[in-house]
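Student: What follows is each chain in one-letter form.
Number of protein chains: 2
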Amino acid sequence: MSAHPRLSLNQATIKYADLEHALDVTRASGIESIGLWREPVAALGLSVAVQKVADSGLRVSSLCRGGFFTEQAGAGRQAALGDNRVAIEETAALAAAGADGSAAVLVLVAGGLPEGSRDLVGARERVRDAIGALADDARAAGVTLAIEPLHPMYAADRAVVSTLGQALDLAEQFDAGTVGVVVDAFHVWWDPELLAQIARAGRGGRIASYQVCDWVTPLPLDVLLARGMMGDGHIDFTTLTQAVLAAGYSGDIEVEIFNQEIWNTDAAVIATRTVESFARHIPV
Amino acid sequence: MSAHPRLSLNQATIKYADLEHALDVTRASGIESIGLWREPVAALGLSVAVQKVADSGLRVSSLCRGGFFTEQAGAGRQAALGDNRVAIEETAALAAAGADGSAAVLVLVAGGLPEGSRDLVGARERVRDAIGALADDARAAGVTLAIEPLHPMYAADRAVVSTLGQALDLAEQFDAGTVGVVVDAFHVWWDPELLAQIARAGRGGRIASYQVCDWVTPLPLDVLLARGMMGDGHIDFTTLTQAVLAAGYSGDIEVEIFNQEIWNTDAAVIATRTVESFARHIPV
Chain S
278 MSAHPRLSLN QATIKYADLE HALDVTRASG IESIGLWREP VAALGLSVAV
328 QKVADSGLRV SSLCRGGFFT EQAGAGRQAA LGDNRVAIEE TAALAAAGAD
378 GSAAVLVLVA GGLPEGSRDL VGARERVRDA IGALADDARA AGVTLAIEPL
428 HPMYAADRAV VSTLGQALDL AEQFDAGTVG VVVDAFHVWW DPELLAQIAR
478 AGRGGRIASY QVCDWVTPLP LDVLLARGMM GDGHIDFTTL TQAVLAAGYS
528 GDIEVEIFNQ EIWNTDAAVI ATRTVESFAR HIPV
Chain F
278 MSAHPRLSLN QATIKYADLE HALDVTRASG IESIGLWREP VAALGLSVAV
328 QKVADSGLRV SSLCRGGFFT EQAGAGRQAA LGDNRVAIEE TAALAAAGAD
378 GSAAVLVLVA GGLPEGSRDL VGARERVRDA IGALADDARA AGVTLAIEPL
428 HPMYAADRAV VSTLGQALDL AEQFDAGTVG VVVDAFHVWW DPELLAQIAR
478 AGRGGRIASY QVCDWVTPLP LDVLLARGMM GDGHIDFTTL TQAVLAAGYS
528 GDIEVEIFNQ EIWNTDAAVI ATRTVESFAR HIPV
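Same order as they appear, the protein sequences are chains S and F. For the working numbering, add 277 to where a residue sits in the first sequence, where the first one is 1. For the working numbering, add 277 to where a residue sits in the second sequence, where the first one is 1.
Since the hints were made in silico from the structure, they are not lab data. C-beta atoms are modelled at their ideal positions from N, C-alpha and C, and glycine is treated no differently. Heads up, a few of these hints could be off.
Said to hold, decoys possible - Covered stretches of chain S, as calculated for chain F (at least 3 residues, CB under 8 Å):
1. 383-397
2. 422-434
3. 462-469
4. 490-496
5. 502-514
Claimed, not checked - Derived contacts from chain F toward chain S, CB cut-off under 7 Å, selection only:
6. Arg395
7. Met430
8. Trp467
Unchecked claim - Restraint-style ranges between C-beta atoms, simulated for each label pair:
9. F:Ala412 with S:Glu316: 52 to 60 Å
10. F:Ala305 with S:Gly508: 50 to 58 Å
11. F:Asp396 with S:Glu316: 33 to 41 Å
12. S:Gln349 with F:Ala453: 18 to 26 Å
13. F:Pro495 with S:Asp543: 27 to 35 Å
14. S:Ala376 with F:Ala453: 54 to 62 Å
15. S:Gln349 with F:Asp509: 16 to 24 Å
16. F:Val398 with S:Asp396: 30 to 38 Å
17. F:Asp396 with S:Leu323: 24 to 32 Å
18. S:Gly481 with F:Gln450: 27 to 35 Å
Put together the whole structure using the sequences plus the hints.
Tutor: Listed below in structure tokens is the structure:
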């Protein structure tokens, strides 16, 4: 089987595989790149994880994830910033261990409204301030912080950054090499401003990651798991992918699917299905 | 009990009450205005419904709902346009039957992607064309067509119009008296452009309806029912209401809640709870 050379399998798609198994499955399916998550890296320990990634011969396309920046000043917020500094170092180490063409990209999720708060404006200001507090660390480590706008249905409990335009408003306050954005099809496909904002992101050199998976209906009980394999839902990946490519994005394209049924399936089967779905639906 | 004079109880909040019972419950709770739905009006027949509304002494704040404009050209689309023409006439008749200060406002939901289609752009064009086809009828009847942007989580299956800005881009192609927008807190609260777009809507005289209910988490299995009483969720009704008032909106404020638990409760209890929640959380 031959996988597209720009396809990256985000580890969340085969969530129940540990890091070693995920690396094996990815390579065995012919996929050349992997998007990593911090939890399975931590389970192995960073230095062992770095060695396994180096041994795999795979590229690393991103590390998921940092962020969660909306807490008020205090110990919780300091802990979040400290944890993100660790994540920046992990990103640099893992990308350096990956094959040529690896991307030192740390995906950031903004965080939701703090418990009991209804102040979106304040929460968004704290996201900006946190990125400001981390930008020097990221620059020094050669890491790009990639702000991921999440679908508006997560605005209360997960991410107060909901659109690509809003993510760009934040990112543009910093150097393009240090702070970029993630274009995740699932989160942004519905946005009437999408194509204009992708073009804007391209002009600024801000697209740090492009992730794909489909929007399926009806939504499941847990809307965090409302994602499907490309082609199983409603997203026009042709228009979207062409726009991202026209905007100059030349990196790996991650398939990241949170879906219980997919997680319950053997990882190797899912990797193969990912290769096929990508070939059929992502015109790169 | 004294209800706020601008409070209107949208009939969907007490969904299992028929029209007569809804009118009785609304009046008995001290609420002066009601937002009607077509189905319970049809169940009684329009002429009887008009008489009952006139007898109630209540204002009518809107009729829900027309729209569903995304089908391709053909019999289905012609049927949708014809049905909307009927809804325009119903709106005019019911508003005329309501007490002074009633609003002849027909709420429009755009419709989702047609079965099997991934073409959001085409679907949105058909929404605009349908409004264009209905504008003369609405103007002649003295009815305002009110485009309601729905939360982006409904973009695939219910409404390809997802933001207030997008609704205004559509509405502004027509006279302000003929085509306006609905500001529904549940659908738009997350939008980083919200306050700017409300101000824009106000400048153009485009706010035809303001609806409130809260965004509660976690979302229920059926996300159509993910609404709560004001104060039970995450929305900052102070900032939002002040913005709508500052934009010049002087009409009724509808409480519209789709929530199974609320529907399972006695309508009179819900009306009372609505009066209290409105008084506490909506600074009008």
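Student: Quick one: which hint numbers does this structure break? Sort them smallest to largest.
Tutor: The structure breaks hints 12 and 17; every other hint is satisfied.
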